[in-house]
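These protein sequence lines are chains A and B, in that order. Position 96 of the first sequence, counting from 1, maps to 96 under this note's numbering, and the rest follow consecutively. Position 44 of the second sequence, counting from 1, maps to 44 under this note's numbering, and the rest follow consecutively.
Just so you know, these hints were derived from the structure itself, not from any lab. Only a predicted model underlies this, so the values are computations on that prediction, with no experimental measurement involved. Glycine included, every Cβ here is placed at the ideal spot set by N, Cα and C. Warning: the hint list may mix true and false statements.
[As the list claims (entries may be wrong)] For lysine-lysine, the following BS3-like pairs were computed, each having C-alpha atoms within a straight-line distance of at most 30 Å: (1) A:Lys154 to A:Lys104; (2) B:Lys224 to B:Lys133; (3) B:Lys127 to A:Lys154; (4) A:Lys303 to B:Lys224.
[Unchecked claim] Examples of chain A residues toward chain B, derived with CB under 10 Å: (5) Arg56; (6) Arg91; (7) Arg147.
[As the list claims (entries may be wrong)] Restraint-style ranges between C-beta atoms, simulated for each label pair: (8) B:Thr159 to A:Val236: 35 to 45 Å; (9) B:Gly232 to A:Glu202: 47 to 57 Å; (10) B:Thr159 to A:Lys284: 17 to 27 Å; (11) A:Gly253 to B:Arg137: 21 to 31 Å; (12) B:Asp3 to A:Glu235: 32 to 42 Å; (13) A:Gln179 to B:Thr159: 25 to 35 Å; (14) B:Ala152 to A:Gly143: 19 to 29 Å; (15) A:Glu289 to B:Thr218: 43 to 53 Å; (16) A:Ile311 to B:His215: 57 to 67 Å; (17) A:Lys307 to B:Arg137: 16 to 26 Å.
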Amino acid sequence: MQDLEKAFQARIDAGEVIEPRDWMPEKYRKTNIRQISQHAHSEVVGMLPEGNWITRAPSLRRKVALLAKIQDEAGHGLYLYSAAETLGISRDELYDQLHTGKAKYSSIFNYPSLTWADMGAIGWLVDGAAIVNQVMLTRTSFGPYARAMVRICKEESFHQRQGYEIMLTLCKGTEVQKQMAQDALNRWWWPSLMMFGPPDAESTHTEQSMKWRIKRKSNDELRQYFIDMTIPQAEVLGITVPDPDLKWNEERGHYDFGEIDWDEFWQVVKGHGPCNKQRLDARKNAWNEGEWVRDAAVAYAEKQANKQEQIAVAG
Amino acid sequence: MNDQLYQYLLLLGDNPLILGHRLSELCGHGPSLETDIALTNISLDLFGQVRHYFQYAAKLNGENQTEDDVAFLRYEHQYKNTLLVEQPNTDFAYVIGRQFLFDAYHLPLLEQLMASKDKQISAIAHKSIKEVKYHHRFSSEWVKRLGDGTEASHQKMQTAIEDLWPFVAELFEETPLEQAMKEEGIGADLSQVKEKYDADVQNIFELAQLQRPDHQYTQSGGKKGVHSEQLGYILADLQYMQRAYPNMTW
Numbered sequence: 001m002q003d004l005e006k007a008f009q010a011r012i013d014a015g016e017v018i019e020p021r022d023w024m025p026e027k028y029r030k031t032n033i034r035q036i037s038q039h040a041h042s043e044v045v046g047m048l049p050e051g052n053w054i055t056r057a058p059s060l061r062r063k064v065a066l067l068a069k070i071q072d073e074a075g076h077g078l079y080l081y082s083a084a085e086t087l088g089i090s091r092d093e094l095y096d097q098l099h100t101g102k103a104k105y106s107s108i109f110n111y112p113s114l115t116w117a118d119m120g121a122i123g124w125l126v127d128g129a130a131i132v133n134q135v136m137l138t139r140t141s142f143g144p145y146a147r148a149m150v151r152i153c154k155e156e157s158f159h160q161r162q163g164y165e166i167m168l169t170l171c172k173g174t175e176v177q178k179q180m181a182q183d184a185l186n187r188w189w190w191p192s193l194m195m196f197g198p199p200d201a202e203s204t205h206t207e208q209s210m211k212w213r214i215k216r217k218s219n220d221e222l223r224q225y226f227i228d229m230t231i232p233q234a235e236v237l238g239i240t241v242p243d244p245d246l247k248w249n250e251e252r253g254h255y256d257f258g259e260i261d262w263d264e265f266w267q268v269v270k271g272h273g274p275c276n277k278q279r280l281d282a283r284k285n286a287w288n289e290g291e292w293v294r295d296a297a298v299a300y301a302e303k304q305a306n307k308q309e310q311i312a313v314a315g
Numbered sequence: 001m002n003d004q005l006y007q008y009l010l011l012l013g014d015n016p017l018i019l020g021h022r023l024s025e026l027c028g029h030g031p032s033l034e035t036d037i038a039l040t041n042i043s044l045d046l047f048g049q050v051r052h053y054f055q056y057a058a059k060l061n062g063e064n065q066t067e068d069d070v071a072f073l074r075y076e077h078q079y080k081n082t083l084l085v086e087q088p089n090t091d092f093a094y095v096i097g098r099q100f101l102f103d104a105y106h107l108p109l110l111e112q113l114m115a116s117k118d119k120q121i122s123a124i125a126h127k128s129i130k131e132v133k134y135h136h137r138f139s140s141e142w143v144k145r146l147g148d149g150t151e152a153s154h155q156k157m158q159t160a161i162e163d164l165w166p167f168v169a170e171l172f173e174e175t176p177l178e179q180a181m182k183e184e185g186i187g188a189d190l191s192q193v194k195e196k197y198d199a200d201v202q203n204i205f206e207l208a209q210l211q212r213p214d215h216q217y218t219q220s221g222g223k224k225g226v227h228s229e230q231l232g233y234i235l236a237d238l239q240y241m242q243r244a245y246p247n248m249t250w
């Protein structure tokens, strides 16, 4: 067993890609299932805060773009569930883990989308933060996940530009629109920084995940990269992030930033965020109310298969 | 401006607008990820068609009108969609039933409009029909799955069809506007659309083990701007931003 594990680690260290049929340590399999399914659930739950504004989108062009974006997210959910299924777990089991609260999804989606500007802020910041995480994952060690990420990243960067463009339009608009943009930035900024997870010192999964190349950079590195990238974009918009301690540090070559409220983060992770209950209820309702539909599809397919068989026998 | 043509474009665009809106309400709440994607896709197609009709209408109107003015800034009685498409997403059987009962009309309608003397309408119909063939395939397949699936799904599908049936006749009630457009060779001949509709619906219902409802009463008024109570709520959503923040660019 130890030899197998050593050989496995050697493959990882040599930069090889692991495929579903390859031997892998059980913990590697579980960690990948956990991470890929968490990602899939995030795509699917992430449809809800944006879905909240489709019917009220301010123009036909924006409505169509928003619908298409959310549809892309559903598509990402599909590829990711498929990638997780290659590790020997079914989609129904994965849904069950989501519905029972055993599996997590990105906490950011437990915040409410209150105005149209949130559609801009989510695209710009949330998709922006997701890309920073995901670009790293295009070279993750598990093949199906890495390949899904390549495709997803292309679409996400389009979403991010689209979100930024919504913000830009608001900031070039009337005073009311600019205030709407600033308010959205105020509400989404800190939760976006929390998307990179707890500080490295407190992150339970980081070390082993780095060793297996499931993860390639630490939470704090990615968070810093995101902040450095985003501040100049906010300056172009002419709105300011809600952090009085934010300041360029010449020596470090990075922005210094204020203390993140980790109590809030853990509250939301534990299920006590502003929309945890609504988001999970919405998913559970869709699933439970869809049961008779899924049953009908199975029953119909069986009947059709039987008919084909009878025709074949008679023929 | 050619007011009749303008009004006819509203008539053509309002059904996909309101049906697209209803479908968009479901985004993220479908019974499976696959059906969620498919329904969103249909909604997207319908809004694409709306944009073609309304961009054309806005151009006819002149006065710097835009597609969004046409879509968002009319009063309730100025919307001309049929009552069928504004009916709510009661459950998946109603969603599918409403879709099929509309697709079975939309497809032969577009076949007629492809031959329209108005080049723009003909071009829009040529483009849209490819999408609507897919919508029809999707909705008719699901009518069969639900109708001939389990006992429970059969009941639900039959009930949805019964409840939606009174709104079908309006699709084929020819208003003076539609008559005038037909006579000019611009609009569709609804009697021919109906022939194909009846055959299609009969066929799919048989395959789905569903009874064609036989009630005689019908409900109509949408095409003339007299709607069900549903439309006001749809417009409250649809028009919210344009009404609350007027004259801004988004």
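Here is how each hint holds up against the structure:
1. A:Lys154 to A:Lys104: Satisfied, since the Cα-Cα distance of roughly 25 Å is no more than 30 Å.
2. B:Lys224 to B:Lys133: 28 Å, holds
3. B:Lys127 to A:Lys154: 28 Å, holds
4. A:Lys303 to B:Lys224: Given that 30 Å is the threshold and the Cα spacing comes to 45 Å, the pair is violated.
5. Arg56: Cβ of Arg56 of chain A sits 5 Å from chain B, so the hint holds.
6. Arg91: It holds, given that the least Cβ distance between Arg91 of chain A and chain B is near 9 Å, below 10 Å.
7. Arg147: Violated: closest Cβ of chain B sits about 19 Å from Arg147 of chain A, beyond 10 Å.
8. B:Thr159 to A:Val236: 35 to 45 Å: The hinted range 35 to 45 Å is violated for Thr159 of chain B and Val236 of chain A, with Cβ atoms some 55 Å apart.
9. B:Gly232 to A:Glu202: 47 to 57 Å: 52 Å, holds
10. B:Thr159 to A:Lys284: 17 to 27 Å: 25 Å, holds
11. A:Gly253 to B:Arg137: 21 to 31 Å: The hint (21 to 31 Å, Cβ to Cβ) is violated, given that Gly253 of chain A and Arg137 of chain B are roughly 57 Å apart.
12. B:Asp3 to A:Glu235: 32 to 42 Å: 50 Å, violated
13. A:Gln179 to B:Thr159: 25 to 35 Å: Violated - the Cβ-Cβ distance for Gln179 of chain A and Thr159 of chain B, about 49 Å, lies outside 25 to 35 Å.
14. B:Ala152 to A:Gly143: 19 to 29 Å: 42 Å, violated
15. A:Glu289 to B:Thr218: 43 to 53 Å: With Cβ atoms ~30 Å apart, the hint is violated.
16. A:Ile311 to B:His215: 57 to 67 Å: Roughly 37 Å apart at Cβ, these two residues miss the hinted range, so it is violated.
17. A:Lys307 to B:Arg137: 16 to 26 Å: Holds: the Cβ-Cβ distance is about 20 Å, inside 16 to 26 Å.
Hints 4, 7, 8, 11, 12, 13, 14, 15 and 16, counting from the list given before, are not met by this structure.
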